[in-house]
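> Protein chains in written order, with the numbering used here: chain A, 1 to 273; chain B, 1 to 735.
I should point out that these hints are in silico values taken from the structure, not numbers from a laboratory.
All figures in this text were calculated on a predicted structure; none of them were measured in a lab.
Some hints here could point you the wrong way.
In silico lysine-lysine, DSS-like type, Cα no more than 27 Å apart, as pairs [what the hints assert, rightly or not]:
1. Lys219/A <-> Lys58/B
2. Lys542/B <-> Lys42/A
3. Lys404/B <-> Lys334/B
4. Lys267/B <-> Lys171/B
5. Lys267/B <-> Lys42/A
6. Lys542/B <-> Lys446/B
7. Lys303/B <-> Lys219/A
8. Lys609/B <-> Lys260/A
9. Lys542/B <-> Lys219/A
This is what each chain is made of:
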Amino acid sequence: MKRISRAAAFYAFMLLSVAITLFPFVWMLSTSFKGPGEIFTKQPTLLPHIWTLAGYRSIFAAVNIWLHLWNSVVYAVALTVMSVLFNAMAAYAFAKLKFPGREKVFSLLLITMMVPGQVTMLPVFLILKSLGLLNSYAGLILPGSAAVFAIFMMRQFMMDIPEEILEAARIDGFSEFAIFWRIMIPLCRPIIATLTVFSFIGAWNDFLWPLVIMIREDKYTLPVALASVNGQYNTDWGMLMAGAVLVVVPAVLVFLLAQKHYIKGIAAGAVKG
Amino acid sequence: MNKPARYAVKAAALLALLCFCRAQVLAGQQITVWAMGAEGKLIRQAADIFEARNPGVKIVTQAIPWTGAHEKLVTSVIGDMSPDISQMGTTWMPEFRAMNALEPLNGYMSSSLDTADFFPGARDSNLAAGQWYGLPWYVDTRVMFYRTDLAAKAGYTKFPSDWEGFYKFSKALLKVKPGGYAFSLPTNDWQIFLMFYWQNGGELLKGPALTAGSFEGAVEYLKRFFDEKLSPLEGGNDTDMLTAFESGYFPVFVSGPWMISQIHTSKPGLDGRWATAPLPAGRRHASFMGGCNLVMFKSSPRKALAWKFMDFMAGPEMQAKWYALSGDLPASRKAWASPVLSGNPLLTPFRKELDTAKAPPQVPEWENIAGAVNDAVEEAAFGKVTASAAREKLSARIERILAKSDRRQSPLFKIALALFIFLLPLCAVIVYLRRGKAAPAGGRAKPIAALFLLPALSILAVFLFIPIIASLIASMTNWNMYGVNDWSKVVFVGAENYVALFHDQVFLAGLRNTLLFAFIGVPISVALSLCLALALNAQMLKLKAFFRVAYFIPVITTMVAVAIIWRWLYNPEFGLFNLALAKVGLPAQSWLSNSWLALPSLILMAVWKGFGYNTMIFLAALQSIPDSLYESIAIDGANGRQKFWYITLPMLRNTAFFIIVVTTIGYLQFFAEPYIMTGGGPMNATMSVVLYMYQQGFKFYNLGYASAMAYLLFGLIFVFTFIQFRTQKRLEGKF
Chain A
1 MKRISRAAAF YAFMLLSVAI TLFPFVWMLS TSFKGPGEIF TKQPTLLPHI
51 WTLAGYRSIF AAVNIWLHLW NSVVYAVALT VMSVLFNAMA AYAFAKLKFP
101 GREKVFSLLL ITMMVPGQVT MLPVFLILKS LGLLNSYAGL ILPGSAAVFA
151 IFMMRQFMMD IPEEILEAAR IDGFSEFAIF WRIMIPLCRP IIATLTVFSF
201 IGAWNDFLWP LVIMIREDKY TLPVALASVN GQYNTDWGML MAGAVLVVVP
251 AVLVFLLAQK HYIKGIAAGA VKG
Chain B
1 MNKPARYAVK AAALLALLCF CRAQVLAGQQ ITVWAMGAEG KLIRQAADIF
51 EARNPGVKIV TQAIPWTGAH EKLVTSVIGD MSPDISQMGT TWMPEFRAMN
101 ALEPLNGYMS SSLDTADFFP GARDSNLAAG QWYGLPWYVD TRVMFYRTDL
151 AAKAGYTKFP SDWEGFYKFS KALLKVKPGG YAFSLPTNDW QIFLMFYWQN
201 GGELLKGPAL TAGSFEGAVE YLKRFFDEKL SPLEGGNDTD MLTAFESGYF
251 PVFVSGPWMI SQIHTSKPGL DGRWATAPLP AGRRHASFMG GCNLVMFKSS
301 PRKALAWKFM DFMAGPEMQA KWYALSGDLP ASRKAWASPV LSGNPLLTPF
351 RKELDTAKAP PQVPEWENIA GAVNDAVEEA AFGKVTASAA REKLSARIER
401 ILAKSDRRQS PLFKIALALF IFLLPLCAVI VYLRRGKAAP AGGRAKPIAA
451 LFLLPALSIL AVFLFIPIIA SLIASMTNWN MYGVNDWSKV VFVGAENYVA
501 LFHDQVFLAG LRNTLLFAFI GVPISVALSL CLALALNAQM LKLKAFFRVA
551 YFIPVITTMV AVAIIWRWLY NPEFGLFNLA LAKVGLPAQS WLSNSWLALP
601 SLILMAVWKG FGYNTMIFLA ALQSIPDSLY ESIAIDGANG RQKFWYITLP
651 MLRNTAFFII VVTTIGYLQF FAEPYIMTGG GPMNATMSVV LYMYQQGFKF
701 YNLGYASAMA YLLFGLIFVF TFIQFRTQKR LEGKF
């Protein structure tokens, strides 16, 4: 009996917290199906009185969604793949490979994380200009493909992986690359999934950087293209929310795919085996 | 054929040939035109007309989002990638002139263009010292929007035409309706204050910065509205105007032409119950002149064609057509004769105001001055200072903003100094790395580590280390908008920026808020994430995938949607929080515009938006705790709590440490919430260091000053992180 009431309290708490986190998302979804008269009212309803696709129709008429979707996919996927690989490699070196000055180099990296990123935007822009990389995918992707935050996160995680597993592999004659690729990466699946989601969503929602780097309209990413249909004072909220839904849905899908990798006990199994 | 006739034929032939040549020259040419937002899409239709009339030429139009348009234009100038023509807000003109980016147009002017036809306020923003730098495209100005039904109830069939009349009208309005106010008067809108100031005979930067007497008169007039509850001192800044207008909460407000179509589409039920009226006059009529110009960039390689297109867009014919296309008001007086404009009674007040509407002074530092006006008026409205003290303080601040030095330094000296500053941190790093190299880390060194580090470190070196040192150099210079495109104007000023920061009240307020935000926000956020991660990991929980997604949704959801919903939650009139307070009998609060509540309100929002990140990291770490550990302790008869204290918590130590460090760094760089919700107000109660840095850096282009701010913040974060690392070391010793 005590067990059941505890479970009930637990579920009540979970459902309440989920209601709080999901509310704006649900509201955004429902608003994207509302007409202009229903969006700003004193008592908004959770579901539209009259369902309309007007917002979606006008957004599809205003911008070439597929083109910009493709640009966004290229940007986010390339950035994610590169950053997961590069940052995991660096994290492995910092966590598990001995080399002189390791701790010092790492603490220097940490220090750079403390400089607010906004001030480096213009210098990075000038560097890309001198490299001739403005208006190119390379210029868009490269600066974000290594991140101290990600290296730090992966390193902390890798440090918890027992040294014995690696030593055993080394005795078996595995090269460091093989250890990294065949042992470390599988063991790090939960954190790699997390990093994948973070990188993808960071790039996916990024606005100012792709706007500034990609000069031509046909290179705009989805958020940039969607923002470009708003007036200075006039905002078509139905259209705006339809656009927001179009941006969020792929991000949710990526998260759904990634969260499957939160599988318990891989590291444990490896130790036992 | 007689002589004159022959000449005439010859002349005609020559003219035809000339025209032909000209057309030939232009044919096959292509220019790019940038315009913002909705205009950026609609201008295509104007370009189609132009292309049909000028066969062979091509106009490429491109829409630029309004958010970020300023940054985009500035970087395009720096990156040599400007278009031929761009739309430009009237207040941005001086800045781009200062950057030396705009083509002077007097040489292109032909007799066909009647520049006297433009409204004087629209002309002013394009002219500097007799030289034209752009052509007016469209204008906007401010008028009163009011509820005719409520006015009639109060006994008014006509909108009052002078200050005293308007004050009495407001008092009468308040009596005939339940709740709410008479007039929406935001305390953070410099445009509205300026109109009253101008109406009271005030001038800006003509002789003294401000006109004594006029300033005080305007402040005192407006203050009466606050003191007598005709307008809310708090909460007026974050009301949704359309709903407030419909409910009668605000039966009168000041706004621009775009509001006409917004009311029509969003509140069709109000049709016939509202109207527009000219602003009541003080000592004279004066409204605010806004709108946009078209400018040609110096870098354009096709200037003749670019001019032809600008000329076409500015002419009365196209101006009237443009209104039909976009609803933007024409800058050309002749275009107003068109029946679609002159026949619309809602537009008549706009037409009246346009003749006397004034544009803000043409100085590149205007955005910065406008912010200072907001601060001063807000302080006076809240009664923190008297009107004349506010004027003196504001005058002094404007003079400081406008102060310029003509210091020059030789390029050689500058390069040498820059190199020196660049090498200094580099040497420090090398010394630091070499020190104690003799003591190996234990175990065999693995040279292969270099290969693992190579990709990440080389990218970081180019795109992080060099820019960080570059901004250190910048922090010791006066790099501002004059120097953005011209290095000769950048000089070293030593520690001047840093010294100035300690006397900058806004910066100090930002520092205090940032610290408060971190001290309150970080513990709440981290504790909440840990609890929820544990819950998500509980064996009891079914449908794990659903709950994981649900917790992560706030992180994924776009800030725009998040901002709208939170603004609605915090709405002073009908927001959910105030409804809840009313249920338990507590008075309504102005969550975002009360100087005590604003910061906690933003902290709540930031925690909500961000906890999903840390929850995911905690969850990933929980997944990696081997089951065998729990099993072995279970054999020893441990209960759930003991499992948590002896296994879970110690195993999460590395991750928790990471999360605390990173969250503290993140919270000390607090930016998005105040940027999108409050803009740093009320009275800088939510100003943060990074928001102020962003304003100084990307709105006012004081890049040197912004960099100095970044380095001070960096110093602060460094101290915090250092303490955290020390604490962790000490704790490690205990386990």
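> If a hint holds in the structure, say so; if it doesn't, say that too.
Evaluated hints:
1. The straight-line distance between the Cα atoms of Lys219/A and Lys58/B is roughly 20 Å, inside the 27 Å bound, and the hint therefore holds.
2. Taken as a hint, the Lys542/B and Lys42/A pair is broken in the structure, with Cα atoms around 37 Å apart against an allowance of 27 Å.
3. As the CA atoms of Lys404/B and Lys334/B are separated by approximately 42 Å, the hinted pair breaks the 27 Å bound.
4. Our distance criterion of 27 Å between C-alpha atoms is met by Lys267/B and Lys171/B, whose separation comes to about 26 Å.
5. For a cut-off of 27 Å, the pair hint linking Lys267/B to Lys42/A stands: about 12 Å separates their Cα positions.
6. Distance hint between Lys542/B and Lys446/B is unfulfilled; the C-alpha atoms sit about 46 Å from each other, more than 27 Å.
7. A threshold of 27 Å between alpha carbons decides the hint, and for Lys303/B with Lys219/A the separation of about 26 Å falls inside it, so the pair holds.
8. Annotation: proposed proximity of Lys609/B to Lys260/A holds, straight-line Cα distance about 23 Å (limit 27 Å).
9. With a C-alpha separation of about 43 Å, the suggested pair Lys542/B and Lys219/A falls outside the 27 Å cut-off, and the hint is violated.
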